[in-house]
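Engineer: Sequence:
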Amino acid sequence: MTMLRILTVAVSIVAVMVPTAPVLAAKDMPVPALCTPEVNAVLADLIAHGPDQAYNIMVCGIVSEATTLDPAVDRSFSRHQTVVAAPVASGPPILIKILTNDRRDGIVLAKKGDHVAAFGWYFKTAAWERPAVGGINNTFCAIHADLYNGWIAVNGIRWPRSGC
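If you read the sequence shown in numbering that gives the first Met the number 0, its first letter stands for residue 0, the second for the next number, and so on.
What the hints contain is simulated information worked out from the structure, not anything from laboratory work. Be aware that a few hints might be false.
[As the list claims (entries may be wrong)] In silico DSSO-like pairs for lysine-lysine, Cα to Cα no more than 30 angstroms straight-line:
no., residue 1, residue 2
1, Lys110, Lys123
2, Lys123, Lys111
3, Lys123, Lys26
[Stated by the list, open to error] Using C-beta positions, here's what the derived DEER-type ranges look like:
no., residue 1, residue 2, range
4, Ser89, Gln52, 13 to 23 angstroms
5, Gly49, Pro130, 13 to 23 angstroms
6, Val41, Pro130, 12 to 22 angstroms
7, Gly90, Ala144, 35 to 45 angstroms
8, Gly162, Trp127, 28 to 38 angstroms
9, Ile156, Pro50, 29 to 39 angstroms
10, Pro50, Trp127, 19 to 29 angstroms
11, Arg102, Thr35, 26 to 36 angstroms
Don't be surprised by glycine CBs; every beta carbon is placed ideally from N, CA and C.
From just these sequences and the hints, can you work out the full model?
Structural biologist: Written out as structure tokens, the structure reads:
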């Protein structure tokens, strides 16, 4: 396990332990009105050129795999995953995994064919997570004033439902 991965896991554990109340000074990003390759341009560039992680990244697309419980995550997080086909300018849509946290987002479910957009932290997926080539997690209200509020929207309905 690399030092970066160890640090990422440690930061993630601390983030989960922080109270879930939203940070008042956190910023917000609107849900895009349309899902276009331009919405996914930053994400596509990260996948092509790195780095392997980045904050405040958006994805949009059509659900290709209905929501399931993520098999790779400790059950105490109650994390669900949805896979979307995200349009990109450089070719056919790419598969992106969106992870939600039931405690912070509420239970977010999407079925095949739903329109989904998400805003959160980008991570490069591991080989065993293919065919998804990237992911978005931490789709909940910001826990630090320097970050944007994360969210997921299914067919235009934004989560967390209580707002940030």
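Engineer: Identify every previously stated hint that the structure contradicts and give their numbers, smallest first.
Structural biologist: none
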